[in-house]
Structures are given as structure tokens and as C-alpha cells.
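Residue numbers (the working numbering), protein chains in the order written: chain A, -9 to 335; chain F, -2 to 243.
No lab work stands behind these hints, which were simulated from the structure alone.
Mixed in with the good hints, there may be bad ones.
Okay, derived cross-link-like pairs now, DSS-like style, lysine-lysine, Cα gap no bigger than 27 Å in a straight line [said to hold, decoys possible]: (1) A:Lys177 with A:Lys163; (2) F:Lys44 with A:Lys133; (3) F:Lys129 with F:Lys140; (4) F:Lys240 with F:Lys222; (5) F:Lys44 with A:Lys225; (6) F:Lys187 with F:Lys240.
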Amino acid sequence: MSPMSDTVQGFTNVRRSRWWQRGFFSSQSAYVLVALLLVILMMSFASPNFLTPGNISNIARNFTFIAIATLGITLVIITGGIDLSVGSTIAMTATVTSLVMNGLNDAQFQPFPGFSLIVSVGAGLAVAALIGLINGLSIAWLKLSPFVTTLASLSIVRGLTYVLTQGRGSYPKGPDKELFIDITAGKVFGYVPLPFLYLLVLALIMYIVLHHTAWGRHIFAIGGNEQAGRMTGVKVDRIKVQVYVISALAAGLNGIIISGWLGSAPANLATSYELTIIAAAVIGGANLAGGVGGAAGAIIGCLLIEVIRNGLILAGIDPYWQLTLVGFIILAAVLVDRLRSLRAG
Amino acid sequence: MALLELENVTKEFGAITALQGVSFTVNPGETVGLMGDNGAGKSTLVKIISGIFAPTSGQLHFEGSRAYIHSPGEARRLGIETVYQDLALSDNLTASANIFLGRELFWRLGPLRFLDHRAMNARAAELFAELKSETRADDLVRKMSGGQRQAVAIARTRLADARLILMDEPTAAISVRQVAEVLSLIRRLKEAGIAVILISHRMPDVFSVCDRVIVMRRGTKVADKKVAESSPEEVTALITGAKEAA
């Protein structure tokens, strides 16, 4: 008998769930997507400027500022962990990238065009990876709690960023500055921000990895039942280290993109972004208890936060309401999920 | 030739002697019940055979040769599979994902390996059909009953060419109908020529499916006899210590 049939091996009372009761359609991400579409619809009636190409382009750019990091942290959250250090990692990576670019400029060392860009971005991401590696090793090998470990690195990394810059921040400069701005803040076809394309490619890769590779499946397994994973031969510790490294790299990439758009890397860049990023992941359906989450959800969560922020501004409402509203959305999202699982039994 | 032979196995945890000179054999295709009160050493014994603990002293032989089982992976390579008491399943994955966890099937694209969902679901469905279990391969374990979970855990052991399956309290905390289901799963393993060590508190389970019963008390083996030559009353007396040994 085929596994796709409507009943199980002749048990007529065991029917298959309906299509809306399983898969993506039954996930929190789907509900939030519906909410997002409703909000977009409302905004488009409320403000004639909302659905203009220029504004859509702004939204696409702004939400990318947290969305890449949200993809990364979603992997950590699926394993049942948390990464509070992403905001600091964004600042540190932006700072290191900018400082290295400055250093190469001061040394007048540019053997070929693009050299200082490659080296400075490489250095920034290497530092991000190192932060992730230290987080991951502390959590997987020393068995420290993810919350406390990354709370510590939030503080350590932010502190080091201030020490490096004396709190003043820095500006990318030198022969590759234009190129740097182009690849981080540039647009294609006049409207599509380049970072938005990076985000789409990364999200697609993440989707494929999560659902079509053993590594991705093991991430879910760790979040579902870490002990079971260990006993069936899943390399739990190694995968944990890897997800923290990826989370830090994603944050780092976001840092580089933000600093390119700002044209500077202030030392207080992305302060408290970790909370927005975690909120976006949770709104999008990642479960802080582990085992649930995905690329689509991460993007939907970020987009909802940005659409609301943008909409409030266009509607002339005090933008400080944004934080309050985001809080209510978090509650609403988990509440809907809770009600749904109660009903499903 | 015995499939598994334990010789004078002792396990100490600091000042506690969990097992004291335990020896027994399991023959190919035999279903052996392992009984005893809480703390009698049943679970420790299973963990030694499944590679989670190393014995403090004593030897294990598997299929006639000395076996050093350092890890669950090593046990699995020998053909020893374990169904753990807590079942060790990931609730957020499907039945087939759980069965294939750590030994997924792939299709290849150059150097890349992608999960072959179709092949895994098909194989899992075959296993459930073989076990006559009403479990669907692509359903989430979260939504399953105790008996279905048990079937998933057992189907996992059927994936490899297991010679010996250890089952730690497979009928604890499940409904009457599901107990019957699990017992028939065990009978099916026996028909397939697979030896089973069944750890259980439940006298009726052991007496309905096992060939032999081994009783443990305070870390030592106090009885090892054919089920046909014993009775629930005798085993109860042995477990509680009302009867010293048999």
C-alpha cells in the first residue's frame, strides 16, 4: 500500500489530515503570513504612498537589515538555543571591516582593485565566525547555558567594539569605498536593493538545507529531543557549534550591509537589535523551546515588523508606538499558535 | 552457539554496586524477559549491552567472540538495537524521519547529498506494514499514540539487520489495546528470528511472549529459567525476595 493513500493499511478510522491541517499551512508562519497580507492591505488603503515602488524598495532594504541575522538565529533557535550576541556581533563586524579598510588605506596597500574590500570584509566575517565559535564551543563542549553564554558575549563583544574605536565609530574609506557602498547599498533595476537579493539567495539555501539535507534534519532532531539525537548517532555537539558560527556570520554580514548603507560603523550600531531579531524569529514561527522554525517564517516575521514600522510612519503615527505594537504582535502570534494546538489536541 | 553471553559482569558507580557478577546467555531468536524491582540493575544491564556504560569488570561475548561495546554506534554495528524506555523519538519529526535519523537515504547531485524523502517514506511504510501497525510514515510523532510511538521505535531497529533487540519497559504507560499491539510486535520479531531482551514490570507480558525469564535482585541474578517451568507467583516471590533463588 502506498504511503500517500488516504487511510492507513486498511484502518478506515485513521484518515489523513486535510491539507490545511498539515505542513506549512498549519504552521504559525502561515497565520502570520495571512496577518502580514492583511496589514499590507490595510496600509495600502490608509496611505496612498504605501504601495509605491519607492516605498516598497525602502521596506525591502530596511527589513534586510535584520533579516539575514534572523535567518541565522533561527537555526540556533531550532536547536533549542538562543543567541543574544547578534547585535554586538553586527557592530563588531562592521567596526572590524571598517578599521581594516582604513588600515589598508593608511598603508596605501592595494595590489589590485578590490583587494582592500576583500580583505576587510574577510577580516570582519572572520571575527564574527570567531565570536560564533567561542559561543558554540562554550555551549556544546562546556555545556554552559546558551542564554548566559551569549549574554556574556553580548557584553564582551560590545565592550571590545567600544575599546577598539574609543566609542567614536569609524568610516569605511580608501580605494574600494565606492565598491563597498555599491555592493552593500546598491540597487539593481533602479528599485531592488542588492542586499535583498542576498537575503533571498540565503533564504533559499537555508530552506533547501533545512528540509533536504541530513544536517538540516539533525538540527530539527536536536531541537526535538537532543538525547534521542545523541543515541541515534547525530553529531549533536558539532552541529551546535556550527549553528552558532552561522548565526554569528549572518549577523556579521548584516553588520557589513548596514555600515555600507550608513557609510559608517558607529560603535553603538545595532544596540538591542538582538531583541528585534529574536522577536522577528518568534513572530515568524520559530519556537524558543526548539524544534520548530524555518527560513520563510524568519522572513515573514521581519517583514511584518518592518511593514508596521513603515506604515506607522506613513500614517503619521508616533513611531515610538512601534515597539509597543511589536510586543503585542509577539503575544498575538504565540497566542494564536497556542489556541490552534489546543484545538488540534 | 549463544548469540550473547555475559560473563561475571560487575558495574560499580562509586560506592554503589549496581551489578554483581552477572552471567547469562541469550540464544539466537530467543525472547528473554528481564525482571526485577526498581534498582535491581535491569536498566544498568541493558545500558552495558547497548554500549552506554562500560562494565567495571567482566566480559561480553557476541556471536562467539569477545565484544567491547564502547558506544551505541558500536552496539548497532554488531547488530544490537535498543528501544529505550523514553523511546528516544523526536516529536517534531515524522515517523520516517525518526526511523532514519542518523542513517538517512540520499540522492546525489555531484558532491551534494539530498534527503530521499520518497525512498525513506516508502521503506518506513513497508516496515509498518510488516509490523501490522496503523502508523503512517509521514505523520508527526507528536500526534501519535503510545502504541504508534512504540511501533516507530521498533521499526527503527528493523532498519538495520538486527540480531538482538533490547526493549526497556516497552509497555509502560500505554493503553491496554496498545500493550497487545506491542506484544504482537515482539512476536513478529521472534518470527523473524531476532532475539529480544524484554525488560518489564508486567508479569503477563513476560509470560505471554518470553521463552525464558531472568530475575534480578539488588544487582545479582537470582533466577534464570524457562517460562514454561515457572509461574508468575514464583517470579513475584523471587523479585521481592520472599524466595531467595531458583
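- Message: For a C-alpha distance cap of 27 Å, please report whether Lys44 (chain F) and Lys133 (chain A) respect it.
- Response: Between Lys44 (chain F) and Lys133 (chain A) the Cα gap is close to 23 Å, so the pair holds against 27 Å.
- Holds or violated: Lys177 (chain A) with Lys163 (chain A), Cα cutoff 27 Å? Status holds; Cα separation ~21 Å.
- Restraint check for Lys44 (chain F) with Lys225 (chain A), where alpha carbons must lie at most 27 Å apart: Within the cut-off at roughly 20 Å; holds.
- Hint consistency between Lys129 (chain F) and Lys140 (chain F) [alpha-carbon to alpha-carbon, up to 27 Å]: holds (19 Å)
- Message: For Lys240 (chain F) and Lys222 (chain F), compute the direct alpha-carbon distance and say whether it is at most 27 Å.
- Response: Since the Cα atoms of Lys240 (chain F) and Lys222 (chain F) sit roughly 14 Å apart, the hinted pair holds (cutoff 27 Å).
- Task: Starting from Lys187 (chain F), check that the Cα of Lys240 (chain F) is at most 27 Å away, please.
- Result: violated (31 Å)
Checked against the numbered hints given earlier, this structure breaks only hint 6.
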